[in-house]
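Chains A and X are the protein sequences, given in the same order.
With this note's numbering, you'll find the first sequence wraps up at 210, consecutive numbering, no jumps.
With this note's numbering, you'll find the second sequence wraps up at 210, consecutive numbering, no jumps.
It is possible that some hints are incorrect.
In this list, chains with the same sequence are indistinguishable; a pair is considered to hold if it fits within one copy or across any two.
Listed next, the in silico DSSO-like pairs over lysine-lysine satisfying Cα-Cα at most 30 Å (straight line) [as the list claims (entries may be wrong)]:
#1 156 x 84
#2 126 x 156
#3 126 x 83
#4 83 x 31
#5 28 x 145
#6 209 x 126
Quick caveat, the hints were computed from the structure, so don't treat them as lab data.
Number of protein chains: 2
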Amino acid sequence: MKKETRISNAVIRRLPRYRRYLRELQKKGIKKISSNEFSILIGYTASQIRQDLNNFGGFGQQGYGYNVDDLYNEISAILGLDKKYRMVIAGAGNLGRAIANYTSYYKSGFLVEGIFETNTELIGEKIHDVEVMDYEGMVEFIEKKHIDIGIICTGKNSAQEVADKMCFAGVRGIWNFAPLDLEVPGHVALEQVHLSDSLHALAYHMNKKE
Amino acid sequence: MKKETRISNAVIRRLPRYRRYLRELQKKGIKKISSNEFSILIGYTASQIRQDLNNFGGFGQQGYGYNVDDLYNEISAILGLDKKYRMVIAGAGNLGRAIANYTSYYKSGFLVEGIFETNTELIGEKIHDVEVMDYEGMVEFIEKKHIDIGIICTGKNSAQEVADKMCFAGVRGIWNFAPLDLEVPGHVALEQVHLSDSLHALAYHMNKKE
Chain A
1 MKKETRISNA
11 VIRRLPRYRR
21 YLRELQKKGI
31 KKISSNEFSI
41 LIGYTASQIR
51 QDLNNFGGFG
61 QQGYGYNVDD
71 LYNEISAILG
81 LDKKYRMVIA
91 GAGNLGRAIA
101 NYTSYYKSGF
111 LVEGIFETNT
121 ELIGEKIHDV
131 EVMDYEGMVE
141 FIEKKHIDIG
151 IICTGKNSAQ
161 EVADKMCFAG
171 VRGIWNFAPL
181 DLEVPGHVAL
191 EQVHLSDSLH
201 ALAYHMNKKE
Chain X
1 MKKETRISNA
11 VIRRLPRYRR
21 YLRELQKKGI
31 KKISSNEFSI
41 LIGYTASQIR
51 QDLNNFGGFG
61 QQGYGYNVDD
71 LYNEISAILG
81 LDKKYRMVIA
91 GAGNLGRAIA
101 NYTSYYKSGF
111 LVEGIFETNT
121 ELIGEKIHDV
131 EVMDYEGMVE
141 FIEKKHIDIG
151 IICTGKNSAQ
161 EVADKMCFAG
171 VRGIWNFAPL
181 DLEVPGHVAL
191 EQVHLSDSLH
201 ALAYHMNKKE
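Looking at chain A on its own, in the form it has when it is part of the complex (with noise of 0.2 Å):
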């Protein structure tokens, strides 16, 4: 089913969307939807949606439009949904504290297996289940449990330094919160949150506006 070409980068980040307005619809019990239809409700164009849905060997049929649950079931497995990922963070603050909580809500296949600080006042702690360790031992940890992804909660300064350990403890892919762009091995998947770049972003449209 899946075409195995390159898929461009905007389409990747343009998938999670889909996949979200999708559930929306699964939610209300609809079963099909046409290009149109999901123009209107996804603010892209139907010829976008179109377009980005024929990368997968395009779902639609003409006159039918999308079949809801098929589409949904489809894109969750090109980003690799249907998997179970294990995953650590570094840094039991307030925005560590604040991932923990947010992938635990989700219930998704992304699960928080430790949180580690070295600040010793935290660890023992427990956030959502998930005990808050030393951070010491997060290498032996993550390669004991087989951690697929690692998260970074922690300052800029040590950030480079936890990526390193967890590379080099066996991560697949690095999830980071610190405001730095990290450098990682080739074989490791990386995506930086920048939220300073949002905001910046943000102030750029309020100005346009005016």
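Based on these hints, arrange chain X on the given structure of chain A.
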């Protein structure tokens, strides 16, 4: 200096990144940089860089490159970062606290003036010198203090109502962390941070690496 033509969203999204790297160069005392050197640093092609920066009238000079300070200042001005923004946060949970810490850390022009909460146990607390106040008073506070940006760190279910109140009270921008796509009036700028979209993109790239 600024060409006020339509600049694509993709270019806008890259500007904060250019700015971050220019800031790093400034810190190292570097005064000028060629598009080729910039390309190695930032990871875009030199031609992409030239194209992006040409959108704003072109700062580079053939054979000289870009003046780091000028380019930094111009990009800051384009993004509107030479202005001050007064902000309020709705929700004093871990995420609200993390955002308050984050913006306070940066000491940029984005100032959190108040945090609003319905949980009476949190009201009266101070987070980085910012008071947590009763959510009931948010509209009046926004009006009186001429708040520019409302930051939504509430749960999904109350987020649209909170956004409606913020827009009614007169904010010009909404920075939304609640996991749904909000609707706001046309004159209000909206920036949605979907953390799950970022995590899903990471999952995709991890699976691609295999």
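Do the hints match the structure? See the list:
For a Cα distance limit of 30 Å, the shortest separation of residue 156 from residue 84 qualifies both inside one copy, at 29 Å, and across copies, at 24 Å. Within a single copy, residue 126 and residue 156 get their C-alpha atoms as close as 25 Å, and across copies as close as 24 Å, so both meet the 30 Å cut-off. Taking the shortest alpha-carbon separations for residue 126 and residue 83, only the intra-copy value of 26 Å comes in at or below 30 Å, while the best inter-copy value is 42 Å. For a Cα distance limit of 30 Å, the shortest separation of residue 83 from residue 31 inside one copy, 24 Å, qualifies, whereas the shortest one across copies, 48 Å, does not.
In this assembly of identical chains, residue 28 and residue 145 lie within 30 Å of each other by CA distance neither inside one copy nor across copies; the values are 39 Å within and 41 Å between. For the homomeric pair residue 209 and residue 126, neither the shortest alpha-carbon distance inside one copy (45 Å) nor that between copies (33 Å) is at most 30 Å.
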